[in-house]
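Asker: All chains should be modelled from the sequences, with the hints used to inform the complete structure.
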Amino acid sequence: MLKEGEKVIYSELMSAFLKIYGGLAKGIRIFQAPGRINLIGEHIDYNGGHVLPAALDMRTIVVARPNGTRTINMAATSLPDRISAGIGRLDDYRSLAWGNYQCGVAYMLSLQGYPLVGCDLLYHSEMPFGAGLSSSASIEVATAICLAALGGMEKPNMEEIAVLCQKAENQYVGVSCGIMDQFIAAVGKKDHAIFLNCDTLEYQYVPLKLGDYTIVITNTNKMHKHTESKYEERRRECVEALAVINQNGGTYQYLCDISLPELESYEGYFQNKTLIRRVRHCVTEENRTLLSLQALKNGDLTAFGALLKEANISIRDDYEATGRELDTVFDIASGIDGVLGSRMTGGGFGGCNISLVRKDKVEQFKSIIKNEYTKQIGYEPSFYESTAGQGASEIL
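Residues in the sequence shown are numbered from 1 upward in steps of one, following the working numbering.
If you are wondering where the hints come from, they were derived from the structure by calculation, not from laboratory data. Mixed in with the good hints, there may be bad ones.
Computed cross-link-like contacts, BS3-like style, restricted to lysine-lysine with a CA-CA straight-line distance of at most 30 Å [said to hold, decoys possible]:
| hint | residue 1 | residue 2 |
| --- | --- | --- |
| 1 | K273 | K230 |
| 2 | K7 | K155 |
| 3 | K375 | K230 |
| 4 | K370 | K222 |
| 5 | K167 | K190 |
| 6 | K375 | K309 |
| 7 | K370 | K230 |
| 8 | K190 | K222 |
Answerer: See below:
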């Protein structure tokens, strides 16, 4: 059953769709896929580690209607761009400033044998772009289930959808992301996180029972973009570090296969000590993620909060994927009464922080962060309170 506010949103989006594309409302369908926060397990999804993300109730919404042609037309509520992509030449749109993610998904679906039909699409995002809440994966997965459904695949394998969307980002767009973002967008479950093995894709749902606490997302309002940050550099460093270890007796497929005692035995082989720090983050973050799973299962929020703090220190000092803005939020949050833990979330180098805050302290938390952050950085942060949302689905 749709809530009244949702009905208004969807009605307005259908009106916007008809204003752009004309015609009748008959045949219009609406799909959604969520953004995500990663509770812990940062930058190890591409290193064979476990992650613990949750879907947000902030989404990418796609309004869609078949158009009887062999062309996919795309528009967005927040952009002036209008894109038309021919189904027969989907490989030609890699350089688009907007629309390349969607074209990449369509291309991968076609290679996998999904039947595609021409359609008109209108995108609406409830997430701030560049905040590290995985708006790109949300766009990809929403596009995938939309195109699959319009082509007659009403109930695709959602795990396969996640993998195809990751391939689109890796091979078509050219961003070497891991599988986590697409996976949680595809199979997320309301009021649950997912404990995911990024190598085998085995996963389990973990109830998020936070009791008197809630997760507050603080957006530094410093945008991050993987292709313009040091994200790709970190990935290359991890590949290089694994090669050094395996050239000196190791037989590991991923950095997260290494234990901390084993890592210490390899340290002498590294001339570049920066690489050791990168490996140390991956190895210790994997351990923190396993401990976090148990803490959440046991309802031990104090232990979970302490692990969040340790994770932030590791990604700040060993992985160096934060920056002044994220460090400032963490430092302020760590000193506020009612905060059990705090850390950056997402790719880093800007974007968002998550903090585990007692519900009756949330407004005080926001006020202190806003005042101190603005004083130190020069502009205001933004705040979001989001419950763990549902994975991708058709709405109407």
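Asker: Of the hints given before, which are not true for this structure?
Answerer: none
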